[in-house]
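Participant: As a plain string of letters, each chain reads:
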Amino acid sequence: MVPISWYLILSAVLFSIGVAAFFIKRNIITVFMSIELMLNAVNLTFVGFAQQWHEVSGQIFVFFVMVVAAAEAAVGLAIIIAVFRARSTLNVDQIDLMKL
Amino acid sequence: MTDLHLWLIPLVPVAGFLVNGLFGRKFPKALVTTVAIIAAAVPMLQVADIALRFSSLAKPYIESHGTWIAAGALHANFAFQLDQLSMVMLCVVTGVGFLIHVYSIGYMAHEEGYWRFFAYMNLFLFFMLVLVLSANFLLMFVGWEGVGLASYLLIGFYYTRDSAANAGKKAFLYNRVGDVGFLLAMFLLIAHFGTLNFADVFAAIGANPSLHGGILTVIGLLLLLGACGKSAQIPLYVWLPDAMEGPTPVSALIHAATMVTAGVYMIARAHIIYDRSATALLAVAAIGTATAFFAATMGMMQTDIKRVLAYSTVSQLGYMFLGCGVAAYSAGIFHLVTHAFFKALLFLAAGSVIHALGGEQDMRVMGGLRRKIPVTFWTMTAAVFAISGFPPLCGFVSKDEILYQAFVSPTPAGKVLWAIGLFTAGLTSFYMFRLWYMTFFGESRAVAHEEEAAIHARHDTKLAIEAEHTHPVHESPKSMLVPMIILAILCVIAGAMGWPEGLGGNNWISHFLAPAVSGAHLQYEQARVAIATGAVHAAGENQSPAPAKNLEIILAVLSTLVALSGWYVAHLMYYKRRDLPARLTARFRAVYALIFNKYWVDEIYGALVIAPVLFIARWVLAALVDRGVIDGGGLLAGYTAQGFGSLAARIQSGNIRAYAGWLAACAALLLVAVYFGWTTHFGIH
Amino acid sequence: MIPMVNPALRVLPEIILTLFGILVMLADAVMAKASSRKPLGWLAVLGALAALAASLWQNRLPAGDAFYGVVRTDAFSVFFHVLIAGIVLASLLIALDAVSDTTEGLGELFALILFGAVGMMFMTSAVELLLVFIALEISSISTYIMAGFRRKSAKGPESALKYFLLGSFATAFFLYGIALVFGATGTTRIPEIASAIAAGHTPAIIYIGLAMLIVGLGFKVSAAPFHVWTPDVYEGAPSPVVALMSTAPKAAAFAVLLRIVYGAFPLLHDHWTPILWWLAVLSMTIGNLGALRQRNVKRLLAYSSIAHAGYLLVAFAALSADGIAAASFYAVAYAIMNVGIFAVISHAGGYEDRLTLIDDYRGLAWRSPLLGGVMAFFLISLIGIPFTGGFFGKFYVFVAALHSGLIWLAIIGLVNSGIAAWYYLRVATAIYSRPSESSPVHSLPRPSLALLLALVITVSGTLILGIFPGGVLSSARAAAATYTSVSPVPSSSGTSAADTTAQH
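Chains as they are written, first to last, in numbering that gives the first Met the number 0: chain A, 0 to 99; chain B, 0 to 684; chain C, 0 to 503.
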């Protein structure tokens, strides 16, 4: 049986990759995907702990996170389209009209 | 028990404020005037009525109008308190307040925003009355902040002028520094006594005779900081001279007679705290004396008539602090009363002079006005003699009482304080007669220096239109002169209230105030009597009052001589030998520069306090937080992504990736700190 | 025996808002394209009023849980429900005043405000972290969209994108925090977490989880150092939306923070009070210093809102019932005055931000004494002058801090509120300066009925809080009393300290 710590470490690594990708990647879509990666890393943690505690609520939590992430994706993509129409770019670094 | 309805006293002015503030713009001028004057007259009549019935009242009379806030242990009521101290203050505030309202009718007659002016004045009266009547520190603080707000509005009355707007802001900000002290003192009172009611706090202190110094010193010093802000004492005095940007009646009411004396009132009100802390008391005396002296020196060099009076106010407030600081609170309050009379009169007369000259405030272009505006001249003369300390005018009596109390005070510093105070009295006499001679004597320089006048003209009140059709020097209208005459009479006779026993009087005011401001500091009283009688051991037996009487007479004669010599020097320099000032200036250039520039205090504050704050705001934040750290996050991101090549492109803010980098870095720091338990080691609880 | 309460009654305000939201959305879809959407706004106002009434009515319910212990109505939830319903009401009125009949997607805006309010309300009554998370997302997603509502402008979509990306980023941290707390205690119900901790379930991950929860909520309340998004987002969002999102979601997030730290982690207080102490100091200082050099009024108020979040956190760090009451009171006082000032800004600047810089506001009081006076009044309240809500808000916060011995925090806070007077006065001075000939204030529209209603609500609210704070304060104290275990128990803090050392 795979010990719980392996799940935790894997999900922590995935989460960190998501965080790093967020501020390394320049394309808005990729940045957005890195958020999805972070959320899914958390899902893995939930499932792992649910298994450890024999608590089904952890797995239920994951379903809700997926639903919320889907809603977020719908809104997020709409916002990205609006940004592209207004600015004709998908480069995060060029979306910096407001500063200081 | 009679019901005094104290709540009506502040209510009427606030009603006047609301009526004029909301509808005044559409009212005819006469209606605005009527509303404002009624709103000022009704409280005065009510106070007069109460004063007549005063002796039959139980004191202190406390009138509570239900719970205001109840938060745990803290409980404060909407409560008003009437005792001897607030009675005296009420008389001053409503009496002088009413006179100045009447004066303003004439003075402000041609101003744009006439309704606004009277609305603000009524608002000020409301807050001042709340301040004076409150029965707890919290309500007092409400009045305290409120008068500051009204003062801010009135200083900035000519808000289209940048200097006026800035002066209002400056006054407000310096007062905020003092407010921090007041607030902290209140918090400490809550923490240690669980209440803010005067009666409860003072009873708690009284019930615990072993409570000395310690927390009371801290509270006393914090309250003193608050008082320094409001009453323009060192180190927070710099706002008052700038406050002269406001219309002259405002200077007379707020910046001479009432608001600025709130600090003195507060210290007298909280005297039980100061009685238990020799340190705090000495600080009050030292700050008062130092302020009195330095402000007087600065007053000697001013050429703007209102600024001379402003520094003189700061200096006289210093005397009041000195009086309180030697535990002679009734002397301090008495000086507050007489000062309200003579300083209000000085400002009103100065306003009349400015009015006569169509807005001119520079004394160098005045002169020879004695015959042209005789009423103004004679009333002002009464005030000048009063402030300079000539018997039997009121200023002499009250100032002499303070100096006498300082001399006989048991504090070792008493004699030093007295000596500085006496010397300052000479300076006071000098700069007041300098003003007197420059304004009223000699030949008129108003015509000769017309082009200079154009340069120096500050147009305090009168806009260009006014200046045109009032160009010939003229006496002011009756509505201005009558209040001045009444105040002049008060200047002459008010001394009788406190004529010292040593000079054959009965010092009525001191006995009147005694129940409110003494009692807990009996040890001081006894020690003082003992020193005065020269019999340190026989305080109880007290053989004869003769030596005290002699001492009082000697000191009175001495201070009269000092006042005379001040007059003489001014006479010499500004009447007989006009060339003398210029020669002295040339001789003592460094001293002159130092004092003329007001010891560069404004500049020093600017460099030491304001500049660093702005510097931090502008650079440290821009460099560290926005550009450094946030872009630092961007730098990090850029570095990781593409190496040094794209570093330059990353140096910009508003970048989402940089923000994310910053968020992640802070979150990581927090996680590490929590994981290793660093946060628990700060031990904040 | 607690009488049975129909669970639906415990979520009555949320049900009402949802129904009205759906109604508005459907009506918007079937209405003729050219017809004005403003009646929908009034419909939404009606919904907000009904929700406000329902929230007030909930006060009569006995405190209790519903839906298997997911939702809890008690004095605390009712307090914040009423606050949020009031803010939504005022924001809808402000929006009605600022928009024109031709404003794009107006019906959706009204519906989104109502849906967002549902999320915010659930945040304050949720006692299960799952619902907290979902409610947080409902509130956030609605505000992400609203922030970018001016799609045609360059700044609108940028504002939405920044808010969306960074907000989701912070949400991920929050979610990770929940997962770790779940891993440590085996539950996601707030009261059960507290009992699990009391039973000794305190592995290292629970501290990490707690810190991550604070990171996520710190972002939502824009506490420094997690504040970076605030000025940019406020600048780009339409003013009526800023009125809402600078107050209601923050109040809700503060309620969640209170529920979590006092409800779930009271025994770990020596870990979280220092964190909040530092967040408070940083927020006050960075907020005020940042505001000093702003020229754009909305950005200035964004920094000011960061500073006010700091004052509120001061009360959190006090760790006492007084502190919770002070924080709740401050949330109300701040919300009312901030909504009020944005009502003026939104009317003067309009939906499209005609006025942006402080200099643009020069002469506002000359052009309209009413608007100028009201704006000056709210600035005075933000400074914290007596007779306004802002004064008593600060007063209670600092009293609570001093009662708990946080003398340094109180002094830092007082110094900060002194600095703050400077920049608020700058705006006030500009309002009362003479306008130039070409000044944009000359083209002010006439105040509408909606604006006047919003101003009456906010001005009278601020005055009532400043003169008779007793009523709201006693409600705040009742709300605080729902946390029975707030006073630090020496023995329990001893055990948690022992645990901390044990884990190394």
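Incorrect hints may have been included.
[Stated by the list, open to error] Pairwise CB distance ranges, derived in the manner of DEER restraints:
no.	chain 1	residue 1	chain 2	residue 2	range
1	A	Leu96	B	Gly65	46 to 56 Å
2	A	Thr29	C	Ser194	20 to 30 Å
3	C	Glu351	A	Arg86	17 to 27 Å
4	B	Lys25	C	Leu451	47 to 57 Å
5	B	Ile603	C	Ser99	19 to 29 Å
Please keep in mind that the hints were generated in silico from the structure rather than gathered at the bench. Here the structure is a predicted model, which is why all the values come from computation and not from measurement. Every residue gets a Cβ at the ideal spot worked out from N, C-alpha and C, and that includes glycine.
Participant: State for each hint whether it applies.
Facilitator: Hint-by-hint comparison with the structure:
no., hint, in the structure
1, Leu96/A with Gly65/B: 46 to 56 Å, "54 Å, holds"
2, Thr29/A with Ser194/C: 20 to 30 Å, "43 Å, violated"
3, Glu351/C with Arg86/A: 17 to 27 Å, "18 Å, holds"
4, Lys25/B with Leu451/C: 47 to 57 Å, "19 Å, violated"
5, Ile603/B with Ser99/C: 19 to 29 Å, "55 Å, violated"
Checked against the numbered hints above, the structure breaks hints 2, 4 and 5 and satisfies the rest.
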